[in-house]
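Undergrad: Next come the chains, spelled out residue by residue.
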Amino acid sequence: MRYDARLELTRRQFFHVGIGGTFGLSLAQFLQAEAQTRAARKRSPKSLIFLFLYGGPSQIDTWDMKPEAPVEYRGEFKPLPPPIPGLYLCEYLPRMAAWAKHFSVIRTLHHSNRNHQPAGCRLFTGVDPGSDNAAQLAPKPNDPPALGSLAVKAAPPAKALVPPFVMLPARLHDQGSAFKGQHAGWLGHAYDPLLIEQDPASPNFRVEGFSLPANLSLQQLEHRRWLLEQLEPTSASSPERAALRQFQKQALDLLLASQGRAAFDLSAEPDKLRDRYGRNRFGQGCLLARRLIEAGARVVTVSDCTANGHHEWDTHQNNFKRLKEVLLPRLDQAFSALMEDLHARGLLEETVVYVGGEFGRTPRVGQAGFSGAGASKDGRDHYPNCFPGLLAGGYVRPGIIYGESDSKAAYPAKDPVTIEDLVATIFAAMGLDPHTTITSLDGRPMPLAHGRPITNLIV
Amino acid sequence: MHQEDYNSNSPPYNCPPNQTFWLPAMVTIHQHYVSVSRPRGQSFRWVVSHLLMTVCSTSLLCWGQSPISQVPTGTPGWQVWPKQVILAGPLDGAQMQLLRYHRGAVQDWTRQAQWRSQPAGLVRLQATGWLEPLADGNGYIEVEAQDFAAKVPITVTGLSRPPQVSFRRQVSAALAVGGCNGGSCHGSPQGKNGFRLSLWGADARFDYFSLTQDLAGRRVNAVAPAESLVLRKALGRMPHEGGVRFSADSIPARMLHQWIASGTPWDHDLTTPPELRVEPEKARLDQACRTLQLVVHARFPGETWRDVTRLTVFQPNDPTLVRISADGIVEFRSSGEAAILCRYLGATRTVRVSYFPQRHDFVWKAPPENNAIDRLVMARLQELQILPSPLCSDSVFIRRVYLDLLGRLPNVEETRGFLASSDPYKREKLVDKLLADPQFAEFWSRKWMDVLLANQKRLPKDVLLGLHRWWQKHLHQGTPFDEMVRELLTAQGHTLENPPAAFFTIHSTAEDAAETTAQVFLGVRIGCARCHNHPFERWTQDDYYGLAACFARVERRNDLQFKPSGRRQPPVQIISSKKEGEVLHPVTGRPAAPRPLLSAAPFPSDQDRRVALAGWLTAPDNPFFARAVVNRLWFHLLGRGIADPPDDLRDTNPPSHEALLDFLARDFVEHGYNLRHTIRTICTSTTYQLSSEPLPQNADDTRFFSRAWPRLLTAEQLLDAIGQVTEVPETFPDFPETRRAVALPDSLPNHPFLSAFGQPPRELPCECERPSEPNLAQALQLVSGSTVHRKITAEKNRLGRLLAHSMSDQAILEELFLAAFSRRPTPRETQLVLDILARHAHKRAAWDDILWTLLNSAEFLYRP
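Keeping their order, the protein sequence lines are chains U and F. Anchor point for the first sequence: position 39 equals 39 in my numbering, and the numbering is continuous, going up by one each time. Anchor point for the second sequence: position 683 equals 683 in my numbering, and the numbering is continuous, going up by one each time.
Pulled out of the complex, with its shape left as it was, chain F reads as follows (with noise of 0.2 Å):
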């Protein structure tokens, strides 16, 4: 409602294009007046803002609840932090901040600036802008730095009361700074050392006994708490496997100090977790600055907002990227970006920070955008001042193009007559044939069958391949998305009649359904919740049994018809819903109401609970769905998710390109959840159609997709390949000759070369069971295995087939090339050849040795 107001007002600066998407939709007169400080002289605008600030204080501060997409990257200007100051009690404490916005970066002065408490005395300020009470009374804080002057208003109170700490508030978040309570210390199942605390301080009841009745309370000394061995332990005094976690004069081992000393109280009442903000959300950091003071806020139902900055945990998704100091000091050690989760008992938060420094003689040279994704990517790299690499070859585009949607190589003819057409839209044509291609359906099918957890094991064979026709029928006709997962996860009847409902057999509880529902649909892994909250992110134990409510009142019953043959045989089930059945949260023992994640309210109790599952879900404004799926499409396109790993979005993974992200959920519920109008989108990219060549200027990028990243062939996709270049193909027992491994319905555990190139066993619902590292055993398949050797051997191979109508040496290599590479030879590659043909008596076994070279090169197992 103030958009017009901060765009008058405000100096005319360059928003580099990315950030365009970053304007605030509200903005705080607050927020607008005060950020926008004076200089010293312009004393008659100060004062309105400062009316203004005081006037509306308590209510200004609580726009920070506005989602994190939403913050403003800042306004130009000075900018103080926070507007105004309570403390409260001799132990309180805030930190002051002091931040520059100039040309879209943030520089931050606060340790350059001068702090003073106006009258003297009323604060101890540090030069680090933390502040701690000295006397009551009212009274200002004033900062100055460069040209820039401005006053906060502070309060103290309570110094002459007894201080009082809270053991949720204080004790149990300072045990979570000292990383008392990790997993990997005290907070672990079995505790170390005799002494046992709540992972990451969830169960503030237990963690009160635990350090006040456990070991007969030898653990705390109300009579010398200096000499209590948890204080002892903490700073070192004594020995402690994990070191020392505290100095004795930080917040946190006083708060522990003063909690001891004041008996060890235990507070009532307090379950629900606070609100957080912390300033900054987002900045930018450039040469000027590479460190950045993060200020924590915390605010208790009908309480105050106080500072927490000192008592929050900090942890950078990469610590070899950020350093953050106990203060809440970030500082870059190299360039990059960086998502800090800020955690402060129960509630997290996720800021982003980015340090880029700019170099001036670098010069943007970019291959002609073709769609809206270019646009996105492109600025991006031009921002961060990384070239990308030029355009990709014919040969490469359609070796890459086949292979990402048919899964299998061109073969000579499809080559042929792509390299020689001169048609200027011949790579669209392209895509657009492929995707039409039943093969199309076939390959993508496996996909879904993966994560979906569709093996054999789970499965009788008949409903196995039933899902796996009902798959490809969908994919193939193009139903959309939406429809298909609706289906699935409210689909009811026999299994063998109506196939979606096996997914209700794979998954025959109602936790597992959930699991698998959360990370193939909504891109969200949410086991962790299942035994503890999650660590690092938001989703509770409230978010996990919520969800697995939905599914429990699913009923399966065997149908003895189908008498299993076998002892493990899976059984044929029939899938319907029932009128009871709860999921019982462990916590509170009680059943878990069905609810859509991260919402307090539950979905109607009159309605069946999938059907409300499925429709929030794929409801158009779902904030999950759409882009977890266009993130998945774009994995397996381009090698790596825009949030990566594709299946475990979250604040603290944020995606490389949030923008293109948004734009790609958004047009593919715009597109009626048309799979496969993403999938052109993509492919006709220019982005999707850049060589995997580094240039020095884009050689150091893994993130920003400045060129392709070769990968390696999946399992299915290179048997398959070396069958059709070989001319050999793998036959599989029960299905027909030209059955390909890309389109079997299910993994094949026993199969050698399969399993050495990691097949995955479909027992988990995450893109990660194909591994993405090499290994020695795939190198001893390609070097000496049987499947290759027999392979190149085979009498009646192509090699044999061209042998046999005596062609020309060099017409031989020609089409091998075409067939292994989908390119035609070097001439110093033909001359190689031609020289080892001409030295061997045995022209077969010279041959056999070139067909061995080619698909041991990484020009054949990789895709391009």
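For reference, chain U alone in the conformation it holds in the complex (with noise of 0.2 Å):
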């Protein structure tokens, strides 16, 4: 299950060090490498906080800009001085800038959904929902597992005093239409994430279930879980009626102890880090993805969307005003913000951070003809030929700029990156073996994911 994917080298890439590199690998030293990627495979299992910019980040104007393109393509915005040799970061994300030696980005995922559905769908599951119809596309109980569903089935967490997998801060819509991807699917619904449907940083924010009703003290509940196992005493019951029991034994501790209400509890936090994270829905759900991983959930995605769940990032109009005024100095704050908490709680090594969006945006300002929405002449259009993604923590092998894209960030010009093989190094920089297979409801084997790591990002 445990999975050491640095070793896991092609014959490919032993043909291209070998032709073109000054230090080839010999052939014993390949086969040694081989074998110790059998042997090697025990890593421990790493959480993630996977942070979804909904609507599709433009890569020319974030973390692939272009300062030599011409200035329809490269657009109004200028690069800040490479914090690490050949990454280009937007002027308006300073401070993510600064933590540029501790994440890496791949700069060539590519994918053929134009739109946002079939897009974010591919992105949360790994697997091609193969149509851009949103009836086919509404949640369905055979679906692919969500990343977070298949990490929690590879690797239960070891404590959890809170649900294992959480995405807030809405269920993800386009057009009104929810989307598959953001359930257990064919895991069933034991893996479902817990869904936050609330803006954290709303003073009213409060999770059902999290909490006791208004009338119910914490002592009476106390009183209740005393007198459950004085007239039904859980050994007396037959193995089939345990199941639930653990699980009513887990709500009762959630709720009566304070660590895990508190992992919800946003207040807990002093007020100087909560404005460091920004008062927004993103910033404050940052925060929050951060106290449910201490508490012990595995995956916590958070999405940068409006309050119903619909696109922040979808930026046919307006796109340089939009993006310099609200959507990067609030991702540079949120972003930032995180990797410094985490850091400082050392739990950076515990944690992979993912950042990305669904699709990237037409490289020239104003070219349409991607989605139905077309481009205004300050826009850009969906485009899901090159964009790039950002990944940092766990066993992520930071300060590595992977892939190259053109000279208009158009197409990848070296090693592209599929969505499957994203999902497959996702899953590697957690410790896991995206190779593992899983039954799914219907009793079909599955891999965890379709694709192969890039073993280059993995330490």
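Hints listed in this document are in silico derivations from the structure and should not be mistaken for laboratory results. Quick caveat, the model's predicted, so the values are computed rather than measured.
Using 30 Å as the maximum straight-line C-alpha spacing, the simulated DSSO-like pairs for lysine-lysine come out as follows:
1) U:K140 x F:K461
2) U:K249 x F:K843
3) U:K140 x F:K457
Quick look at which bits of chain F chain U covers, simulated, 3 or more residues with Cβ under 8 Å:
4) 710-716
5) 855-862
Just so you know, even glycine gets a beta-carbon here, dropped at the ideal spot from N, CA and C.
Assemble the dimeric complex from its two separately framed chains, guided by the hints.
TA: Okay, here's the thing in structure tokens:
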């Protein structure tokens, strides 16, 4: 189950190294490395915070700037001085740049889904939904499971004071319809995420079930727990009946023990830290994610989306204005705060952080034709042919810029990466073997991920 | 026809009761004589049998074509297999087998026996009974074990000719044996690391080109075959993610090697899959022997039987129970029953092997039998040496039968009356009473609506309500089930006027209609065959598209009078049959002929396709329909199908009680497809009425119905039950206040309680949509969720009413227990509660805690 991808070498890589490299591995070394991949597959599993920039951020205006490209491509923004050689980050991401040595960027993600629903579904599950039709994309019980559900199945958290997989702050929609990829699908409801459909920045933020009803005191609940033990000791039940009782115990522990309940209580954080993350839905969501990971969650997905789960980053119009006034500063603040916080608590080693959207945006400003919504003269349309993703923490090898896009960030020029490979890489970064076989609801054996991990990105 | 012979010549032996069902309807001369080969000295009998055998050898090998259920466990005595060996060519080989049948069990002597060839030097014989040719000629294989000896004639030919390897027969099979073309390896749609094969070798031509042409032919090297990429990878001579697949001297490796050395020939015109026979097809092992050699033969049309044991893929249904070597030796790790799928090219055969060591100190003890069900279940338990639990108490029975038949708990008065009655037939009478209750139809129509995908996303609300009423009406009237299904599958007209026509609004394509029909009414999951032949089963794309073709001529017209109100409102439709319309078979690209499952003959072309299908499906001799229906009824009542999952009947998923399933199906047909009759038969059986308390002698049993398995109430049952106990029933918008959750026409996706407890969304025609595993969200609903909390604390709930009547604490407690658990409290429970009440200043709060505890206890949450 545990997995070490750093030693998984392909024959192609071997030839590549052997022919082009000045330090080619000998065949013996290669075979030795192969053997080690089998021997060294025991790694402790890590958690994941998945920051989803819903709507699709522009690659050329964020982490893959092309200062040499014509102005109609490169747009209004300027890059910061590269924090590491070759990395051109947008001038509105200065605090992110300060953490560049701690993360890696993949610049050559690509797929063929031009709309939010199929692209989002593909990113969330690592499986091409094979359809653009909203009805086909509505959630169904035999859907491919969300990454978090798969990770929890492959590596159930050891201590769980909170549900192991949490998604917030809304169920994601496009044009009013929720799409698949946000539930456990064929893994069954037991692996569904806890979905928090609330604004964590709101003073009224309160997660149903994780706080007591108004007229029920802790003392009374404690009494009930005692009474249940008296009236029906677990040992007396048959094995079939013990399963739910385990969860009842867990629920009572969660409600009665301060840690579990407190994980959802953002007011326990110092005001200064809350300010540091940004007093908005996304910023406070990132802070909540950190608290949940601390309390034992395996995967937390935080989407930068509207209150009703629609896209924030879908800049068909006003691309530059939206980015520089709202989106980039908000991301810059929240991401850097999260990195800082995780790092300070020693959690970054235990937690993989992924940041990205479901696709990029058209390289040329005003270039339309990829979605029904098109692009106005200061906007960019959907664009799945080339876009970046950012990985940090866990077993991620930091400071790598993987893959290269062409001069206009229109197509991968070197080392293209599919979504299937990205998902396999995320699992590998968590220390999970992406080839692990899991059996679906209807008895079909399926791999955790369908792609291959990028070995260069894994420690 | 040889039944008499068989009996008169067989030595008497005790056939265990269940195995009498396996007595062969047809036993050939051949099998009879040779299988009871005589010990040395009785040479006359042997000569007779030998002569007979030689005369009949070709035709005699054919008896294995009879269906599996006809295969005998084996006649007592020794049995050598095969009866004749023909080896053709240097690469041929054959597996010998020597079995001894004793007291209904089989002992495998293959590897203990002495095998010799006569003349010596004709073949090379391994101690495992595997033989390979050495020289052309005729002779015998002699075998000896204990007091038994026999000779099998053998012919070796073709050694002077160059070895010939066929791509289909051997190479494709070798790739399957190596697992190379499996779904998680090169058989996946993307292939693996650039090498792609068709799944399970379904497309030989594709695989041929993939091996020989792809990558500029680098995978094979005719000049130096051993250096071929495909061999070096599979033999582990170079890094291979899939590891070592064969050893160099294995048959599959040698076949691959020789095929490459011969210049990778392609064989033409080999499209029909072979017939397959496996010996034995059913066997029971006991403590004498936990291993069994399987022998597989295949025959292509117009050819002779050939040994393919080492080119066969063996897949057990439970790999933790048995291990199967590449040589076809089954080995049990613990006691149990296994179905082993044997697959060679497109042909499959499932053998069933069980291993039950007998304990000598076992003492059988069982409650009295009520009907045929008990006779069959108890016989099986006795054979397996599992003790049934005793009968359940009246409290458990009334609770169980109310929940199972009406979907609700019995109320306090009903329980009091039943417990007080001394009528010896009160359980039967209660079953009859409940079956006549309108709530029975209300509750059971929901089960069918669930798997027929009747949801508001697919149907307009009024059509959905109409369909719900249609089910309730017919279930209440007791309409024969075959009639209902015929009406459903052939329905025409306006969906508001003829609700069953809505089946074709729900299923907007022929494929969808076929998949649901197969799964719900035939118990067959055929969905896999939409894209590829079923990997473990005999279902093929021909079956899938043949069934889909039956629904190809359904016309759906929207009734525009009923304008959809919302953007996503589904249409009201008019369903009719049209004269044309086809479903294209994806492989041939031609229209698929409408035909029944597993049949080569299409339906007559002059008949309406749906009428033909419905007629075949509901015919008394249909092999699937009645079994699927009674199995589903059993599943709903006992919590587990006789074949389980209940909608996945296939050879590799055999029923735990074949004879029981046969009996129930036959009984169902004989009683006019009357659902109530079968439900009544099941509910009045002792088997249904067993306690759920395990005994040491049945604690491990999860398959044979030696006790009841408690299961969580369904989402709707639980919501109703909490409403009933608290007297604060849940109300639903647009429905009268008395409407129970179990009687709603559709699921309520946004109801937090119902969602947490797994109310099915009705998107899959599968019972698996209702989850059986509990989860944290459910626990939170029960412990602190607002639905439960509001009902417990409501001022005017049951507690409020009882306290207002100033009843004694003891009387209140008794009523709460009767309402929640259908029993009275024990003295210990009473004392505990009275103590708590005495300690508490605030009485109502104390009662709230007690009520919460009852609702959170397993006794309440589980159907006992």
